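Participant: Two chains, two frames, some hints: make the complex.
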Amino acid sequence: MKEVIFAGLGGQGVLTIGLIMAEIANHRGDNTTWVPSYGSAMRGGMANCTVKYGKEIIYNPAQEACDILLAMHEQALSFFEEKMNSGGIIVYNSDIISKDKIRRTDVQCIGVPCASLAEKIGNPRGANIIMTGMLLKASGDFTEEEGLAGMNAMFAKKGKTKFEAQNSIAFKTGYDFPGN
Amino acid sequence: MAEIMKGNHAIAEAAVRAGVTFYAGYPITPSSEIMEYLSGRLPELGRVFIQAESEVAGITMVMGAAACGVRALTASSGPGISLKQEGISCISDEELSCVVINVARYGNGLGTLFSSQCDYLRETRGGGNGDYRCIVLCPESVQEAVDLMALAYELSEKYRIVSTLLTEGALGQMMEPCVLPEFIDPPKVSWGFDGKYSYKKVGIFDRNPYQEGIDLRKKHECIKENEQRFETIDVEDADYVFVAYGLPARSVKGAIKELQAEGHKVGLIRLITAWPFPEKAFSVVNSHVKGFISVEASATGQVVEDVALYSKKSGFGHVPAYCLLNIYGIPAIRDTKENFKKIIAGEIKEVF
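Line order of the protein sequences matches chains A and B. Just add 1329 to the spot in the first sequence (first one is 1) and you have the numbering used here. Just add 26 to the spot in the second sequence (first one is 1) and you have the numbering used here.
Looking at chain B on its own, in the form it has when it is part of the complex (with noise of 0.2 Å):
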């Protein structure tokens, strides 16, 4: 039977069954049953569990975990992942791997403990100074969450890149019924210290940045070719189709069942990783489509940026786009189809 159990302990236990060795960080609402949880369960499998000294410290223990080849987490929320980006710039410089864990929390500077999503142009983005990106999964339940954990850590070693567990506050907090994984034993990474200094990009000499800077193209291409995930629903003839992740599209899944009751054609492109951002999906929605309406717990937008992009590439760049704003929280199913229907009636303009 599946067991209740709380999203944040539920992830910290699988990311131990994905064979985490080291976890180094600073606590933060409402990430913090993480690290809490794994201060006791780290040792009792006789592996590292360190409360750094701050967010800076504890990214930058994980860069010497990540270097020595094992698998590293640290995990935070919005204002802490800020502090870590010096390091987590480092890492994607030095292409090693490892996993940032963001329980996403709303506001700017120190902001607040309500649950949110106004990290995503952040994460989608890089986050730190330089020319990267992180692979950005992104949750709707504490299943998925669970899930993705070994996945993560598989594609940061495939292409030695940073991933992003993009998870939210609510999600963290909230507790479901869900399946844990089984213990894995990870594979061994080529690129781990090994006293001679064979891999160069551990340091600044010797170093070709021009030729990296293709090369790393090359690489960013190749992850967007072949690492979109995400879900549809009923996009092939919807009239409007909602995009959304986390919490606020499980929510939407909610609406769109209730809409369609009530006679609206409306679907659904629901990422699974935010970066890539999943472009396939706009190529089986309907050539008629009239409009895609974001949903997002953010105060300006950012999703609907994406959205607006990439339905462009995809030749919808005559479609307007929407953007409905939750702020913070999970969007009401009542809400969310009472919007819809301000859409429909021209009450609600479009984004782009």
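Bound conformation, chain A alone (with noise of 0.2 Å):
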């Protein structure tokens, strides 16, 4: 069993793409909880959530110790990256997180310039899918298949699949971005 912290500021897109990832994983038939952290945040204030996923029965649903962290911003990266487990990966958006704010040494680091890939790929409001395509990558978890066919179904379920070919290339691109 894994424990995923997906951690921004509110308005990133950090609780869909914890969503995204308990969908897929819930699509091939894992075990999977999703926990927000909720209150009276706003945008622009600190938002995070908790995915667990695996084979095995998912007991405490809540923050323990996370395997991958998903820090969209540096105040969510400082806060976060001592509840890590050793041997674990963080994913930080190093459009506005410089590689030297990590304190950690004992982790895999992967940065990844979500929003300029995004520009890039003329989808700019994709920049968390891009985030969940690294993410599935990096847990090793995931084959690019299991996570297309779990996040365009989740879209589907939502009547959006007018955004399926623009969703399919913002995961492509940062499943198959260098540094994984």
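Since the hints were derived computationally from the structure, they do not count as laboratory data. Keep in mind that this is a model prediction, so the values were computed, not measured. For each residue, glycine too, the CB sits at the ideal point set by N, CA and C. Treat each hint with caution, since some may be false.
Claimed, not checked - If you want a taste of the chain A side facing chain B, the calculated C-beta under 10 Å gives, among others:
hint, residue
1, Leu1348
2, Ala1351
3, Asn1355
4, Pro1390
5, Ala1394
6, Met1483
7, Lys1486
8, Thr1490
Said to hold, decoys possible - Below, simulated DSS-like cross-link-like pairs (lysine-lysine); rule was C-alpha separation at most 30 Å, straight line:
hint, chain 1, residue 1, chain 2, residue 2
9, B, Lys306, B, Lys226
10, A, Lys1331, B, Lys184
11, A, Lys1412, B, Lys368
12, A, Lys1331, B, Lys283
13, A, Lys1412, B, Lys226
14, B, Lys283, B, Lys226
15, A, Lys1384, A, Lys1449
16, B, Lys306, B, Lys291
17, B, Lys291, A, Lys1384
18, A, Lys1331, B, Lys363
Facilitator: Next up, the structure:
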């Protein structure tokens, strides 16, 4: 069972990235849970969610110690990197976080300029889908096909199939980004 | 395939499928998604949804719907449930049936938005003025919450009592896969308004409170005898038995698995009904048990009082009852394990 924390500022889409990962895990038959931080936070405040997935029973759906951290903002990075298991993976938004801000030396770090990449593929709102692709690859637990199938099934459920082509391109951009 | 659903949405859809015809309430975090969901879903099915002007109005409308004999629902969180107590007490007095959902949050007064179990004593002791109890059901997962919804109405109608689904903020807000039940057509109840004032309990005249008191006691005894629900894990040969409900109980299961792997003989009694308290679970506990350990998301210890009372009743009066208090949130598996080791080392003292 893996624990992943998705953290950033409200509006960056971290809760959605977490949900896509949970949907992908469910789609291929894993157990999974998604727990948001919630409260009076609003756009611009800190937001995070915790996803667990795997074949095992998930006893505690809340945070214990994470294996993978997605940091979309520096504040989120400094708050959550202390809560990581040794040997874990930090995937960070290198458009706004510089690598020297990472204090942990016992984890693997992968920087992704997700907003720049999103601009480059002509889908400026696709930064979080790019990050989803990268996270799934970095986890080592999902094939590209499993990721695409689960993500597209999720958006289809919400009646948003018209974005499928551009979502798929964004996902692949993340999944295939060098540094994995 | 099981669909990933938010706890509150799954609970609301399960209520729809259990035949809820009427909802009235007032929004409050972390329960609001229940009524938000129903605000669209119930009218879609030709049923009634009302956002009332206050909690008191909401529960009073539920009372009216219950008097008409339909499946009525309200949902709220700690402070909102406090405001509803006048209505809950009246519905109990009139022996009508309905379901109240408490998506509990932590704190006194207005409190906080943190997930908690701080309303345990209030929910299990009736809550309003008078001398009544509500049947209290406590899910540990989104699936169990969904599965308990139809049962909540069945019990409420069988005993003509208020059923409370006592869930917690984190369970309302989290998402996990669940399978929804089929739609059911609820049975017609005999006490719905018939225009002839043939049901005298709706009102204050022509009643015999003394006899009603005797009957109420008998009803409570019958519920205690027949409706205890619980899950046990390895209590038959445990040195220490944890007692918990809701998400904390689920987390304790993880701690038990790890502690057992380290050689500790530990077990769990998980409450599914908090009232009636599942005292029958104690009858299968190892007669040489060394301690009961309540794990709960409260600051002062509430479940531990029932653990002490019912373990005494089951012949374990000499066995210490400990309490691990998380205040709010879900206790981490590692914390439960650490605290367990402090208990066996004598560093944490018993409460009773």
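Participant: Each hint: holds or not?
Facilitator: To see whether the hints hold, each was checked on the structure:
{"no.": "1", "hint": "Leu1348", "verdict": "7 Å, holds"}
{"no.": "2", "hint": "Ala1351", "verdict": "6 Å, holds"}
{"no.": "3", "hint": "Asn1355", "verdict": "5 Å, holds"}
{"no.": "4", "hint": "Pro1390", "verdict": "6 Å, holds"}
{"no.": "5", "hint": "Ala1394", "verdict": "8 Å, holds"}
{"no.": "6", "hint": "Met1483", "verdict": "8 Å, holds"}
{"no.": "7", "hint": "Lys1486", "verdict": "8 Å, holds"}
{"no.": "8", "hint": "Thr1490", "verdict": "17 Å, violated"}
{"no.": "9", "hint": "B/Lys306 / B/Lys226", "verdict": "36 Å, violated"}
{"no.": "10", "hint": "A/Lys1331 / B/Lys184", "verdict": "44 Å, violated"}
{"no.": "11", "hint": "A/Lys1412 / B/Lys368", "verdict": "23 Å, holds"}
{"no.": "12", "hint": "A/Lys1331 / B/Lys283", "verdict": "17 Å, holds"}
{"no.": "13", "hint": "A/Lys1412 / B/Lys226", "verdict": "61 Å, violated"}
{"no.": "14", "hint": "B/Lys283 / B/Lys226", "verdict": "54 Å, violated"}
{"no.": "15", "hint": "A/Lys1384 / A/Lys1449", "verdict": "37 Å, violated"}
{"no.": "16", "hint": "B/Lys306 / B/Lys291", "verdict": "21 Å, holds"}
{"no.": "17", "hint": "B/Lys291 / A/Lys1384", "verdict": "26 Å, holds"}
{"no.": "18", "hint": "A/Lys1331 / B/Lys363", "verdict": "20 Å, holds"}
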